[in-house]
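Asker: Residue strings, one per chain:
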Amino acid sequence: MAVSNKKYNVIDLKTGKLDSRIFSDPDIYREELEKVFGRTWLMIGHESLVPKVNDFFHTYMGEDRVILTRDGKGKLHAFLNMCRHRGNPIVRTDVGNTKNFFCPYHGWTYSNDGSLEYVPGEEEAYYGAVDRDSRSLIAARVETYAGIVFANWDSGAPSLEEYLGDARWCLDVAFNRLDAGTEAIGPVKWIEPLNWKTAVDNCSDNYHVPTTHLSAILVQARHFGLPRLTHEAQFESPSKHLFINGHSLTMRMLDRPDQARQTHGVTQENRSLFEEYYRSTLAEAERRLGSVRAGKLQLGNHSIFPNGVLGLRLAHPRGPLETEFWHFVVLEKGMPDELKRALRMGSGNYNGVAGLFEQDDMDNWRGVSRSSLTPLAQKYSQDLSMGVGRAGSDPDFPGTVAERYTSENNQRSFYRRWEEFMNAESWEDISIEPGTADFEGTATMNG
Amino acid sequence: MQDGIPDEVGMTAQTFGDGVSQSELWHELMQFYINEAWLLDDRKFREWLDLFADDVFYFMPRRLNVGRQDLSREISEEGDLAIFEDDKTYMTMRVDRLDTGMAWSEDPPSRTRHLVGNLVIEPLPEGDLKAKTAFILYRSHHETDENIFAGSREDHLRKEDGRWKIYKRIIVLDANVILAKNLSVFF
Ligand code: FES
Ligand SMILES: [Fe+2]
Chain D
0 MAVSNKKYNV IDLKTGKLDS RIFSDPDIYR EELEKVFGRT WLMIGHESLV PKVNDFFHTY
60 MGEDRVILTR DGKGKLHAFL NMCRHRGNPI VRTDVGNTKN FFCPYHGWTY SNDGSLEYVP
120 GEEEAYYGAV DRDSRSLIAA RVETYAGIVF ANWDSGAPSL EEYLGDARWC LDVAFNRLDA
180 GTEAIGPVKW IEPLNWKTAV DNCSDNYHVP TTHLSAILVQ ARHFGLPRLT HEAQFESPSK
240 HLFINGHSLT MRMLDRPDQA RQTHGVTQEN RSLFEEYYRS TLAEAERRLG SVRAGKLQLG
300 NHSIFPNGVL GLRLAHPRGP LETEFWHFVV LEKGMPDELK RALRMGSGNY NGVAGLFEQD
360 DMDNWRGVSR SSLTPLAQKY SQDLSMGVGR AGSDPDFPGT VAERYTSENN QRSFYRRWEE
420 FMNAESWEDI SIEPGTADFE GTATMNG
Chain Y
0 MQDGIPDEVG MTAQTFGDGV SQSELWHELM QFYINEAWLL DDRKFREWLD LFADDVFYFM
60 PRRLNVGRQD LSREISEEGD LAIFEDDKTY MTMRVDRLDT GMAWSEDPPS RTRHLVGNLV
120 IEPLPEGDLK AKTAFILYRS HHETDENIFA GSREDHLRKE DGRWKIYKRI IVLDANVILA
180 KNLSVFF
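Order-wise, the sequence lines are chains D and Y.
Residue numbers are given in numbering that gives the first Met the number 0: position 334 of the first sequence equals residue 333, and the series is strictly consecutive.
Residue numbers are given in numbering that gives the first Met the number 0: position 90 of the second sequence equals residue 89, and the series is strictly consecutive.
Please note: incorrect hints may appear among the correct ones.
List time: in silico SDA-like cross-link candidates among lysine to any residue, alpha-carbon distance up to 20 Å [as the list claims (entries may be wrong)]:
(1) Lys98/D <-> Lys34/D
(2) Lys87/Y <-> Ala220/D
(3) Lys87/Y <-> Glu153/Y
(4) Lys51/D <-> His155/Y
(5) Lys339/D <-> Gly78/Y
(6) Lys16/D <-> Glu419/D
(7) Lys339/D <-> Lys43/Y
(8) Lys129/Y <-> Thr88/Y
(9) Lys34/D <-> Glu424/D
(10) Lys339/D <-> Phe56/Y
(11) Lys51/D <-> Thr143/Y
(12) Lys51/D <-> Asp49/Y
(13) Lys98/D <-> Ser75/Y
(14) Lys339/D <-> Leu70/Y
(15) Lys87/Y <-> Glu285/D
(16) Lys87/Y <-> His222/D
(17) Lys164/Y <-> Arg72/Y
(18) Lys167/Y <-> Arg67/Y
(19) Lys74/D <-> Ser110/D
(20) Lys51/D <-> Lys129/Y
(21) Lys378/D <-> Lys51/D
(22) Lys98/D <-> Thr88/Y
(23) Lys13/D <-> Arg389/D
(24) Lys339/D <-> Thr88/Y
(25) Lys98/D <-> Arg67/Y
(26) Lys332/D <-> Lys87/Y
(27) Lys158/Y <-> Pro124/Y
Stretch-level coverage of chain D by chain Y, calculated; a stretch enters the list once three of its residues show a Cβ under 8 Å from a Cβ in chain Y [what the hints assert, rightly or not]:
(28) 30-43
(29) 345-351
Keep in mind the hints are simulated off the structure, nothing from the lab.
Glycine included, every Cβ here is placed at the ideal spot set by N, Cα and C.
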């Protein structure tokens, strides 16, 4: 490893050597809860999960329990689920609708805008000395992107728009295509025996697909008439592999604007229905995204720094070697029910805890995360050397673009970004790439 | 007696369709489920698949953790994201996958034990049956991985060529967050 006075120097960009202790060391884990999860914009849900006033959805920011509420005026909030008296969680359910949160320990009661409304014995037991205003629920900053709700604990962090940067140019293609917006269904939740970073770095690992997922590839070719995905096809693929501002993205090229997107759930049988759908929505998409993004590109695998895995799917840290995974599916609201059903079944049956594809990832990811558990194995770094020096700028795409779709450039860059957060004293030390993308069309952060 | 459970004292006079008594049917179904459990635990997945009708809907909704006033939201509905939402094609893909020799989540395969009981049956129109069972599924994998899944199953069955076929199965786990790396076994 190169010599550096930085505390964390875990990835060597020239050799691709990665220090595997970052997956299992408890001290590193504790520090990343603060320096990564305490500073970044984290996806916590979707507006469609709290559609009505007074709805709430229980979520997480790192290991911290968080309540996403929509108050009586329709405004979104994210609160630490912790009573200001003794710290007891005031919400114990996944979802609900209430104006007030009542702490079941001693009865302190908060409004869904966070203010402490009622303290039993305020006059008698406390002699009127409780300053209720200073005991509101702890609130995070909340911002949304096309209906996806993000929150951030750090007042020094840039806006969500700056944080996403030109990654949004790519994300728009999937999440911001139509006026009606999207809805999220789910999540399916399960515990994975691995470090959260392994699940995230895998999003750009196009290399693993033909090996890890061969059985699923074979049966989907047999039953759905889909082309068999091979190593050769991946190596020759014109799809792009980009890294922007910490976020990993892959973009696929469409042969024609109404081409059925390559998504779980699209089959030889229903393909023409999808094409009809893309044809009928093309004009609207072009108005919103411009003709290139509406008709020439499809968003492929991607991750949003730090822990977003393929859109709104979350790898919540639960200790160095445990991750609580949340699998949501985001669908375009106006899509015909038959197509929604196909995508829902496809996404649910390919990914998720029972997914034909995803179930085969687990033991591999666990193996990667646990490779550093012994002093002996720890002496040997992991290898992310694929395509070193083979990435740069591209006239047609923002960010750093790898020469090939199969490359470990995004994984190296992900760990470099992680290092940047871990070594920073504050957001002052954390870079934001200047935006260069041309956001053609009318779509904005607000949909 | 309770609905669908045979009375210990005189067998019920209630008949289900063709003059078969409830207690005979209950025993027939119980044998069906014992057989199903052995097929799964003996890894005879093709034969297991054959217990399902071609138009089967195999569904495992999510189980939410909700307050008493929200119990109507406890089990996610069709249209929401489910844990399994399979038709016969998807079920067949799951079984075919195991035969490719490259289904890593099941190679080496899980060692399972399905315990099925608490059977309650109820007649449906046209001689079909609704059968509810409770199950415990134990899974051991690799050296030390262990999972216990508990839940209920509600099946709708019809006779096809003299054999019961399941055309709808709703599996409801009792767990909220699933404490398993994956669900590569069948329920
Ligand atoms: S801890 Fe909440 S009221 Fe005491
Ligand atoms: Fe994978």
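Asker: Next, verify each hint and record whether it holds.
Answerer: Results of checking the hints against the structure:
no.	hint	in the structure
1	Lys98/D <-> Lys34/D	violated, 33 Å
2	Lys87/Y <-> Ala220/D	holds, 16 Å
3	Lys87/Y <-> Glu153/Y	holds, 17 Å
4	Lys51/D <-> His155/Y	violated, 36 Å
5	Lys339/D <-> Gly78/Y	holds, 8 Å
6	Lys16/D <-> Glu419/D	holds, 17 Å
7	Lys339/D <-> Lys43/Y	violated, 34 Å
8	Lys129/Y <-> Thr88/Y	violated, 23 Å
9	Lys34/D <-> Glu424/D	holds, 9 Å
10	Lys339/D <-> Phe56/Y	holds, 17 Å
11	Lys51/D <-> Thr143/Y	violated, 46 Å
12	Lys51/D <-> Asp49/Y	violated, 45 Å
13	Lys98/D <-> Ser75/Y	violated, 24 Å
14	Lys339/D <-> Leu70/Y	violated, 26 Å
15	Lys87/Y <-> Glu285/D	violated, 38 Å
16	Lys87/Y <-> His222/D	holds, 11 Å
17	Lys164/Y <-> Arg72/Y	violated, 30 Å
18	Lys167/Y <-> Arg67/Y	violated, 28 Å
19	Lys74/D <-> Ser110/D	holds, 13 Å
20	Lys51/D <-> Lys129/Y	violated, 37 Å
21	Lys378/D <-> Lys51/D	violated, 54 Å
22	Lys98/D <-> Thr88/Y	violated, 46 Å
23	Lys13/D <-> Arg389/D	holds, 11 Å
24	Lys339/D <-> Thr88/Y	holds, 18 Å
25	Lys98/D <-> Arg67/Y	holds, 17 Å
26	Lys332/D <-> Lys87/Y	violated, 27 Å
27	Lys158/Y <-> Pro124/Y	holds, 12 Å
28	30-43	violated (count 0)
29	345-351	holds (count 4)
Against the hints set out earlier in the document, violations occur for numbers 1, 4, 7, 8, 11, 12, 13, 14, 15, 17, 18, 20, 21, 22, 26 and 28.
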